[in-house]
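Chemist: As they're listed, the protein sequences go chains A and B.
Quick note: the first sequence uses the working numbering, first residue 11, plus one each step.
Quick note: the second sequence uses the working numbering, first residue 46, plus one each step.
I should point out that these hints are in silico values taken from the structure, not numbers from a laboratory.
Small disclaimer: the values here were computed from a predicted structure and weren't measured.
One thing to keep in mind: the hints can contain errors.
As the list claims (entries may be wrong) - Cβ-Cβ distance ranges computed for the label pairs, FRET-style:
id, chain 1, residue 1, chain 2, residue 2, range
1, B, Ser125, A, Ala51, 27 to 33 Å
2, A, Lys64, B, Ser53, 37 to 43 Å
3, A, Asp41, B, Gly85, 25 to 31 Å
4, A, Ile63, B, Asp71, 31 to 37 Å
Said to hold, decoys possible - Facing chain A, a subset of chain B residues (Cβ under 7 Å, in silico):
id, residue
5, Leu88
6, Leu135
7, Asn144
8, Gly150
9, Asn151
10, Gly152
Cβ atoms here follow ideal geometry from the backbone N, Cα and C, with glycine treated the same way.
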Amino acid sequence: DQQVKQNSPSLSVQEGRISILNCDYTNSMFDYFLWYKKYPAEGPTFLISISSIKDKNEDGRFTVFLNKSAKHLSLHIVPSQPGDSAVYFCAGDTGTASKLTFGTGTRLQVTL
Amino acid sequence: DVKVTQSSRYLVKRTGEKVFLECVQDMDHENMFWYRQDPGLGLRLIYFSYDVKMKEKGDIPEGYSVSREKKERFSLILESASTNQTSMYLCASSLWQGNSPLHFGNGTRLTVT
Numbered sequence: 011d012q013q014v015k016q017n018s019p020s021l022s023v024q025e026g027r028i029s030i031l032n033c034d035y036t037n038s039m040f041d042y043f044l045w046y047k048k049y050p051a052e053g054p055t056f057l058i059s060i061s062s063i064k065d066k067n068e069d070g071r072f073t074v075f076l077n078k079s080a081k082h083l084s085l086h087i088v089p090s091q092p093g094d095s096a097v098y099f100c101a102g103d104t105g106t107a108s109k110l111t112f113g114t115g116t117r118l119q120v121t122l
Numbered sequence: 046d047v048k049v050t051q052s053s054r055y056l057v058k059r060t061g062e063k064v065f066l067e068c069v070q071d072m073d074h075e076n077m078f079w080y081r082q083d084p085g086l087g088l089r090l091i092y093f094s095y096d097v098k099m100k101e102k103g104d105i106p107e108g109y110s111v112s113r114e115k116k117e118r119f120s121l122i123l124e125s126a127s128t129n130q131t132s133m134y135l136c137a138s139s140l141w142q143g144n145s146p147l148h149f150g151n152g153t154r155l156t157v158t
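Go ahead and model the full structure; you've got the sequences and the hints to work with.
Modeler: Right under this line is the structure:
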């Protein structure tokens with residue numbers, strides 16, 4: 011049972027344009043959502059998060075949107091840069107000591 | 046900055062061997078986790094620990110055990126390695142309170158032949 015789904019395994023975007031990564035979830039107990047970024051041969055690093063009581067959180071070029079009724083969240087990167095090329099994982103948290111449930115990941119390629 | 050160190054980047058073991066994966070964190074975090082990452086499956090939680098000597102099963106604990114004798118160290122044990130345990134193993138730590146981001150190590154690529 012995949013509680014967190016990232017239906018796009020890969021995405022290619024031109025430098026300077028917007029990247030939109032999507033994530034759907036089924037577990038209504040998630041009260042917090044996080045995005046992680048992973049480069050090859052490195053562990054994932056925390057990028058941005060959002061509480062379920064909010065519908066938007068912004069940090070520089072990164073914005074996460076949450077639509078609770080649709081059980082959908084998205085990560086927007088504007089403008090996209092070549093250094094953003096990585097695998098992005100979304101994750102849901104029920105608040106139990108950071109026991110996260112991750113999606114399958116989306117590989118973003120930002121081209122010149 | 047939090048540092049999570051996994052003792053090996055690459056390991057090659059034979060089927061049936063007992064395998065130890067070691068993880069150490071330096072930020073006095075209460076929580077520690079072991080995940081495995083496989084193509085198309087994302088990160089799946091194997092075991093986690095809230096405190097010394099405490100452990101909880103994650104989503105895929107079969108074939109694994111863990112040990113946490115000291116707060117900073119969390120070991121993953123494959124009692125008898127099998128080829129389907131070939132994977133990237135990622136250790137992580139976090140503060141005790143909920144919604145604290147996980148800090149990951151760089152991973153151990155284990156190949157079981």
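Chemist: Give a verdict on every hint.
Modeler: Checked hints:
The supplied range of 27 to 33 Å is met by serine 125 of chain B and alanine 51 of chain A, whose beta-carbon atoms lie about 28 Å from each other. At roughly 40 Å, the beta-carbon separation of lysine 64 of chain A and serine 53 of chain B lies within the given 37 to 43 Å, and the hint holds. Take aspartate 41 of chain A and glycine 85 of chain B: their Cβ atoms lie about 27 Å apart, and the range 25 to 31 Å holds. Taking the beta carbon of each, isoleucine 63 of chain A and aspartate 71 of chain B are about 33 Å apart, inside 31 to 37 Å as hinted.
About 4 Å separates the beta-carbon of leucine 88 of chain B from the nearest beta-carbon of chain A, less than 7 Å, and the hint is met. Against a cut-off of 7 Å between C-beta atoms, the interface hint on leucine 135 of chain B holds, since the closest Cβ of chain A lies about 6 Å away. Taken as an interface hint, asparagine 144 of chain B checks out: its beta carbon lies about 4 Å from the nearest beta carbon of chain A, inside 7 Å. A cut of 7 Å between beta carbons decides the hint on glycine 150 of chain B: the least distance to chain A is about 5 Å, and the hint holds.
With its C-beta approaching chain A no nearer than about 5 Å, asparagine 151 of chain B sits inside the 7 Å limit, and its interface hint holds. Taking 7 Å as the C-beta contact cut-off toward chain A, the hint placing glycine 152 of chain B at the interface holds, the least distance being around 6 Å.
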